[in-house]
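As a plain string of letters, each chain reads:
There are 2 protein chains.
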Amino acid sequence: MKDTVSDSMNELRGPVRIVGTGLIGTSIGLALTRLGVVVELVDGDPDNALMAERIGAGARLVQLEPQLVVVAVPPDHVGAVIAEQLAQTDAVVTDAASVKGKPLADAKALAEAGDLARYVGSHPMAGSERNGPLAGRADLFEGATWAITPHETSDPAAVELVRRLAEACGARTVELSVPDHDLAVARVSHLPQLMSSLAAGTLVDAPAEHLELSGQGVRDVTRIAASDPGLWTQIVAANSPALSGLLEQIRDELDRLLIALSKEKPNGNYPDDEVTAVLRRGVSGAVRVPGKHGTPHIELVPVLVTIPDRPGQLARLFADAAASGANVEDLRIDHSPGRPVGEVELAVKPASVEQLVEVLTERGWTVHR
Amino acid sequence: MKDTVSDSMNELRGPVRIVGTGLIGTSIGLALTRLGVVVELVDGDPDNALMAERIGAGARLVQLEPQLVVVAVPPDHVGAVIAEQLAQTDAVVTDAASVKGKPLADAKALAEAGDLARYVGSHPMAGSERNGPLAGRADLFEGATWAITPHETSDPAAVELVRRLAEACGARTVELSVPDHDLAVARVSHLPQLMSSLAAGTLVDAPAEHLELSGQGVRDVTRIAASDPGLWTQIVAANSPALSGLLEQIRDELDRLLIALSKEKPNGNYPDDEVTAVLRRGVSGAVRVPGKHGTPHIELVPVLVTIPDRPGQLARLFADAAASGANVEDLRIDHSPGRPVGEVELAVKPASVEQLVEVLTERGWTVHR
Chain A
1 MKDTVSDSMN
11 ELRGPVRIVG
21 TGLIGTSIGL
31 ALTRLGVVVE
41 LVDGDPDNAL
51 MAERIGAGAR
61 LVQLEPQLVV
71 VAVPPDHVGA
81 VIAEQLAQTD
91 AVVTDAASVK
101 GKPLADAKAL
111 AEAGDLARYV
121 GSHPMAGSER
131 NGPLAGRADL
141 FEGATWAITP
151 HETSDPAAVE
161 LVRRLAEACG
171 ARTVELSVPD
181 HDLAVARVSH
191 LPQLMSSLAA
201 GTLVDAPAEH
211 LELSGQGVRD
221 VTRIAASDPG
231 LWTQIVAANS
241 PALSGLLEQI
251 RDELDRLLIA
261 LSKEKPNGNY
271 PDDEVTAVLR
281 RGVSGAVRVP
291 GKHGTPHIEL
301 VPVLVTIPDR
311 PGQLARLFAD
321 AAASGANVED
331 LRIDHSPGRP
341 VGEVELAVKP
351 ASVEQLVEVL
361 TERGWTVHR
Chain B
1 MKDTVSDSMN
11 ELRGPVRIVG
21 TGLIGTSIGL
31 ALTRLGVVVE
41 LVDGDPDNAL
51 MAERIGAGAR
61 LVQLEPQLVV
71 VAVPPDHVGA
81 VIAEQLAQTD
91 AVVTDAASVK
101 GKPLADAKAL
111 AEAGDLARYV
121 GSHPMAGSER
131 NGPLAGRADL
141 FEGATWAITP
151 HETSDPAAVE
161 LVRRLAEACG
171 ARTVELSVPD
181 HDLAVARVSH
191 LPQLMSSLAA
201 GTLVDAPAEH
211 LELSGQGVRD
221 VTRIAASDPG
231 LWTQIVAANS
241 PALSGLLEQI
251 RDELDRLLIA
261 LSKEKPNGNY
271 PDDEVTAVLR
281 RGVSGAVRVP
291 GKHGTPHIEL
301 VPVLVTIPDR
311 PGQLARLFAD
321 AAASGANVED
331 LRIDHSPGRP
341 VGEVELAVKP
351 ASVEQLVEVL
361 TERGWTVHR
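Read top to bottom, the protein sequences are chains A and B. Going by the working numbering, the residue at position 200 of the first sequence is 200; the numbering climbs one at a time, nothing skipped. Going by the working numbering, the residue at position 367 of the second sequence is 367; the numbering climbs one at a time, nothing skipped.
Don't read these hints as lab results, they were simulated from the structure. Possibly wrong hints are sitting among the right ones.
As the list claims (entries may be wrong) - Cross-link-like lysine to any residue pairs, in silico, SDA-like; alpha carbons within 20 Å at most:
#1 A:Lys263 x B:Gly245
#2 B:Lys349 x A:Lys263
#3 A:Lys263 x B:Arg332
#4 B:Lys263 x A:Leu246
#5 B:Lys263 x A:Arg332
#6 B:Lys349 x A:Arg332
#7 B:Lys263 x A:Lys263
#8 A:Lys263 x B:Asp106
#9 B:Lys263 x A:Ala105
#10 A:Lys349 x B:Pro308
#11 A:Lys263 x B:Pro308
#12 A:Lys349 x B:Arg332
#13 B:Lys349 x A:Glu248
#14 A:Lys263 x B:Pro241
#15 B:Lys263 x A:Lys349
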């Protein structure tokens, strides 16, 4: 067993060693370098580390021992690299994997028990559809959520140091147990991903004329289905215990739906109770997602504005919205490319609605509430 | 049997009788009235018809025989009302239901065979999260898709008249057979709705701290789960033959996924082939949805811009984007309310990207491609 974590480690002084210079590792490197923290970049692919160094995420050769190691390698390898870094250094070790149970189990199997006090899992919840060091950005985690998942033997000082790392990157931290974290991301990330993929999968064999009837709904539901299958296979496999329970729940509901849809009522209609139950449950779940549908957090009111598909119209709209004093909290454009008009949904706080609608209408916009 | 449809009916002269003055019926009334067509408003609920009349969608009492009847009542009643209108008038009759097989079957069971030549199904594909006559808008169908679904005995002149109706409302028409239409909407609308509802349903019992980890993915996937369960129960039940096949396909894939996730590989990893297959198929389907992901229709390039959460920032951004000469074809804001910064994804044509990025960067924006 190496040194235990001391209180002086609470402060993030560096050097910070980043193992894995993909999008996440490089972005952490950029954020820390910006703050003057010395960052060491390590990657199995020397080209990746070189690219990360060239864009200013740190240096490939740092002579000093690291205070903190951040393991940002693909999910399948996280546990082994954590154990390796615990053995090779006296540093606090964290990782950035989106599943926490499997890396911890793997690290436990491979590391010395005493060393595990220096390990604290974490999960910076930001990403991009782009991968690799060149997609890295110092502000990737600005305002994002960063989950911190101590295990039973994590040293409190190590937990505190990882919190400092997240805060240095501009993130908001949430502390969760490892099983809680994995069930949470199964619910709010991994299950939605699979449902999106399954829904999109039914479109593969559809004739093109069927797809012409696509609207905003199918676009929204299938958007994340375009994500990287390689990365997601690893995430899904790593979180299979938590995911399986939810998938079984869905499968059972599907079975009930299929039975309901196969039964005709005497009057020629179909028994609707099961269908209605699924749809109602969906409404109850949807309104709980923060940042949408008027959640408890901030209630927002949608205001619909019709816009002609010409350059400069959005500029004019947002200038007029700003003139009303309203802050647009969220927005969505419902617009099939090539369609001559589009519709923008502006979400604003209830107190701003009247003024916004009045000013926009005055200035010639077609506004619907 | 009443008069057969004559060639002179091709032109939409009116009067048009609208049965059912909810969102769709009232919006059609508003669009036609705007063009000077006489519109008669009929609704089982006299308050609804009165409200539709008051906002200018037509008149409750019209002495002239209708040239065209539009049935825009709830899905369960469509077939019966079509048969009733075929019997009561010599007009061409269409409906606006989002499923076409069941209304046709119901109408066939209730109407005289000869009268059915005057019936042509149609489906204006626009809607709103708001219901009722007061949500009606003359421009609801502007640029939208309007499916026209003739059956075996539909008179070609009746088909043409319904096409004129759609065009008068500003819609783009697509002609499909009844079974093709129902399979198409099962794929691009009804299945995504159920998948969204099922995914959202798993969030009902989640602790609030789990929901704090929600990102844009779950927001997109669950957005349409907030739709009206009453209306959707009728739609799902009416289209159960087409939907059942797709739901069975999903259920079978779920079963295979569950088996795959329950099997451990000798090295402690999980067998990934089935998971990867589902995810890959999802990518192939997602890229086929028009208006997203760089489809064959119009290839769009995303440009990411970081924006501070202050009034007027979007106005400044879009003014600067317009100054670059780029037309923003699509946009998405990734922004949890309360988060100090947000990110706007502007989608523009490839030819506009360089200029847009240059102008925005020049003007002090943080831009990522």
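Checklist line | Hint check, failures only | finding: 2, 3, 5, 7, 11, 13, 15
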